[in-house]
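Here are the chains, one letter per residue:
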Amino acid sequence: MEFDGRESGWAASDPNAIVSGDHFGSERMVMAHELAIEANGLTKRYGSAVVVDNLSFEVLPGRVTGFLGPNGAGKSTTLRMILGLDRPTAGTVTVAGLPYGQHSRPLFTVGALIDAHAVHQQRSAYNHLLCLAQSNGIGRKRVDEVLQMVGLTSVAKKRAAGFSLGMGQRLGIAAAMLGNPEVLLFDEPVNGLDPEGIVWVRTLMRALAAEGHTVFVSSHLMSEMALTADHLVIIGRGKLIASMSVDDFVAHSSHNFVRVRTPEPEKLLGLLGPATSVSTDDDGAIRVAGLDCAVIGDLAAANNIALHELAPQLASLEEAFMEVTRDSVEYHADDRTSGASVGSAAW
Amino acid sequence: MTAATAPTRPMTPDPRPTGPVFPDVLRSEWTKLRSVRSSYWTLLATVVILIGFSALLAATTVVAYSEMTVKERADLTPIAIGLNGVDVAQIAILVLGVLVITSEYGSGMIRSSISAVPQRLTLLAAKAALLASITTVVGIVSCFAAFFIAQVILSGEGIQAHIGDPGALRSVVGGGLYLGVVSLLALGLGTLIRRSAGAIAAVFGLLFVLPILLALLPARWAEGIGKYLPGHAGQALFGAPIATATLSPWVGFGVLCLWAAVALLAGAMALQRRDA
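Sequence order for the protein chains is A and B.
Mapping of the first sequence onto the working numbering: position 101 corresponds to residue 101, and the numbering continues sequentially without gaps.
Mapping of the second sequence onto the working numbering: position 115 corresponds to residue 115, and the numbering continues sequentially without gaps.
These aren't lab readings, by the way, just hints derived from the structure by calculation.
Just so it is clear, the structure is predicted and the values come from calculations on it, not from any experiment.
For glycine and all other residues, C-beta sits at the position ideal for the given N, C-alpha and C.
Incorrect hints may have been included.
If you only want the chain A side, here are some residues facing chain B, beta carbon under 7 Å, derived [unchecked claim]: (1) LEU107; (2) GLN121; (3) ARG123; (4) ASN127; (5) SER135; (6) PHE163.
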């Protein structure tokens with residue numbers, strides 16, 4: 001792949017190239033046996049408000065872990081505690097086996113995109129990256145590299161004040177990649193990105209995880225995580241709601257049902273037990289929740305009922321997410337009296 | 001180009017260095033300082049104000065000299081006239097000292113900085129060392145320039161001082177040292193207060209407003225307390241002697257250093273304890 005310096009678009013930089021190379025040696029393999037991030041009873045209180053409430057979870061290397069929760073669930077606060085920016089009221093969190101503050105030159109271990117605005121507006125992209133690199137003993141060559149990776153080479157000397165949100169996100173990702181760290185934290189990385197940029201970030205995160213990196217990415221958008229994450233840590237109102245694989249998460253959702261078409265619906269319905277809930281689709285098909293395909297199929301066969309369709313339907317991740325977080329959402333859209341309906345609009 | 005594009009450009013991240021972090025952080029802080037305009041503006045303002053105000057007072061002194069009484073002529077302090085600009089130039093210095101930290105809070109850069117250097121006190125120490133070095137050097141060089149320019153002007157009436165005169169060299173170097181310590185006082189309060197406007201107001205108040213308020217007190221009290229205020233105490237090193245109300249030069253400078261140390265200590269404690 002050639003870089004001609006003209007590029008400023010996403011297409012110019014191949015996220016796979018960022019994680020390429022032969023430097024993933026034995027060090028990374030040792031890392032793979034450890035827990036990349038481990039939170040134990042993590043709690044953050046501001047006065048009487050509990051923002052993060054006794055949160056415990058683990059993040060493993062080699063996969064993308066989605067950190068999900070409605071707006072205001074405590075995701076950013078948790079990420080700041082992981083990075084040692086905020087002090088936990090109680091509990092601990094370690095990265096690569098150590099509290100963040102005990103890492104010397106941490107950019108070699110942990111890279112974070114926490115806030116696209118965490119840049120001095122008068123400083124150029126190049127100097128922003130250079131001062132961060134120098135603080136960890138990283139040279140100018142690497143700064144040029146990461147600028148090229150994210151496609152900001154042509155605007156490297158421009159002041160960050162003129163950057164769009166998308167360019168700011170790219171600058172943040174470049175900063176996170178400076179030390180080619182094992183662990184990467186991304187706080188809402190696709191916010192403000194155009195579709196091309198979203199695909200770029202997704203591809204980057206998948207590629208990083210495939211190379212053995214730990215990728216921990218927060219989002220309030222379940223649909224985004226469905227395309228990126230292998231594992232989910234879901235929180236609501238600061239509490240852990242679920243920590244499971246994406247597949248398990250969907251499988252456990254009570255929104256799953258089986259779609260059945262039969263010429264004798266009444267006869268089949270009469271045979272279904274009381275634990276099932278049934279509804280009828282517009283096209284005459286029956287939705288059966290609470291029984292799996294095998295049970296329904298056997299039941300029909302034993303009673304000589306012909307089946308024209310027997311299909312399991314999985315809830316979308318978005319539905320499943322809404323279901324588990326329903327009770328922990330800070331503001332509901334129908335809560336008009338409080339005027340807080342805006343809070344849930346984002347998801 | 002597809003997502004499956006094979007890597008074609010090998011990445012060669014630098015190996016993780018060992019050894020002390022401080023030199024690295026110092027280099028980083030130097031890049032930060034030289035890559036924003038406000039550093040240049042405040043330092044340029046320091047030089048221009050310091051030389052300009054000193055030269056101006058020298059010129060007005062020369063103009064008024066022929067009409068002065070014998071006593072007024074005897075009270076002239078050519079060394080202090082040559083360093084008259086320090087008093088105003090410290091405003092630019094205090095702004096620089098405050099901005100070194102508050103601009104990071106204002107922009108959110110502080111979160112990037114602390115993520116990169118979680119040893120927060122090392123971060124502050126590097127900022128302090130670099131800031132004090134630069135402001136002291138710029139201060140001393142400007143003081144020398146101001147002193148010599150003013151003496152050239154004063155020589156029009158033959159009332160110039162020489163750098164070899166008693167206290168002259170100490171005053172010229174002292175003016176620069178004073179500015180260096182004032183920048184640290186500003187950095188300390190900036191770290192404590194975090195907001196540019198608030199911190200600038202606080203340092204300004206300490207250096208300029210507090211002495212005015214003190215003047216409202218009965219004279220005996222005002223003199224007793226006044227000489228320990230950071231501005232008065234520090235100016236003992238280079239300013240015109242104000243009879244009994246002034247500490248001896250190095251004691252006064254020591255008191256100023258104590259003020260700066262307390263401010264830095266308070267800032268360091270806040271930085272260490274608070275969420276970034």
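field: Those earlier numbered hints the structure runs against, lowest number first
entry: Failing hint: just 6.
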